Amino acid sequence: MDIGLVHYLTFSALLFSIGLFGLLISRNAFRVLMSIEIMLNAVNIDFVAFAHFLDPLAVKGQAFSLFVMAIAAAEVAIGLALLLLIYRNTVNIDMESFSTIKW
Amino acid sequence: MQFLANISSLPFYIFATISVICALGMILNPNLVRAGFTLIGSFVAIAGFYFMLDANFVAVSQVLIYAVGIVLVIVFAVMLCSLKAEANTIKESVFASKRRVTFSIFLSSLVFTVLSFVIRSQDWEAIAKLTGAARQSSLVQLVDNKYLAQVGFLMLNKYLLPFELVSLLLLAVLVGVIILSKKDIK
Chain A
781 MDIGLVHYLT FSALLFSIGL FGLLISRNAF RVLMSIEIML NAVNIDFVAF AHFLDPLAVK
841 GQAFSLFVMA IAAAEVAIGL ALLLLIYRNT VNIDMESFST IKW
Chain B
109 MQFLANISSL PFYIFATISV ICALGMILNP NLVRAGFTLI GSFVAIAGFY FMLDANFVAV
169 SQVLIYAVGI VLVIVFAVML CSLKAEANTI KESVFASKRR VTFSIFLSSL VFTVLSFVIR
229 SQDWEAIAKL TGAARQSSLV QLVDNKYLAQ VGFLMLNKYL LPFELVSLLL LAVLVGVIIL
289 SKKDIK
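Which chain is which? The protein sequence lines are A and B, in order. According to my numbering, the first sequence is numbered sequentially starting from 781. According to my numbering, the second sequence is numbered sequentially starting from 109.
Please keep in mind that the hints were generated in silico from the structure rather than gathered at the bench. Heads up, a few of these hints could be off.
Lysine to aspartate or glutamate pairs mimicking EDC-like chemistry, simulated, CA-CA at most 20 Å apart [stated by the list, open to error]: (1) B:K290 - A:E855; (2) B:K237 - A:D835; (3) B:K237 - A:D782; (4) A:K840 - B:E272; (5) B:K266 - A:D835; (6) A:K840 - B:D162.
Please read all numbers here as calculations on a predicted model, not as lab measurements.
So that you can see chain A by itself, here it is in the shape it has in the complex (with noise of 0.2 Å):
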């Protein structure tokens, strides 16, 4: 059976529910943020695999990955450095005890 468009796509929709697992069952905060690059990674396989079998020839979706990415590496930045600021405030980066960030 030959891989079409179907087969990324079911398999974006398991990685993305794999991370979405990760994202609930976890209490640590470094392996949320990892569960939230698998979940961008899922949906970047979508946008790569639309622009190869819909859009073969204006490859939109190549454009829309990368700024993805882009976006991906900048929201990592911003949360490590607030997780690094949290546990050297309370040496603890367990994601039920940030309750000293609520409003």
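Model the placement of chain B on the given structure of chain A, informed by the hints.
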């Protein structure tokens, strides 16, 4: 879809297996540094997908930015927090709450079911016909490395404004991170 038929199916399943196993290993590994390095395997397998989809530039930037850059930054941050002493408590807290585990499994499998149902129910061949993909792909075959030139053209013409906004965002992030991680914020 005849125009998709030139991709053999074996590499797809190999890459899919590697990336799913590595993603699950990242979630279930109690050691955070090892989890971070497991994530590299997942990202490299996804780069393999991009190569299969003729997105060479995206694949290379996937390896450069994700597999090396982002993962290494996360692992360094984990090492800065020196979580060796806390690893045991985190391991317990991942698997402690039964209700949380069942809820997570239920919600993520629900999302997967809904997504795959939607994907199956679409008529992708009609959509491909609508966008004229079959006709276009025969044109693309003529030119080698068409995609890379096309992506560069898009980034500097149609998506010039988002491109510049992303660079502005990265600058703002750079400044923000430096301010956040300074020792004394006054």
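Status of the hints after comparison with the structure:
no. : hint            : result
1   : B:K290 - A:E855 : 19 Å, holds
2   : B:K237 - A:D835 : 11 Å, holds
3   : B:K237 - A:D782 : 19 Å, holds
4   : A:K840 - B:E272 : 17 Å, holds
5   : B:K266 - A:D835 : 15 Å, holds
6   : A:K840 - B:D162 : 13 Å, holds
Every hint, counting from the list given before, is met by this structure.
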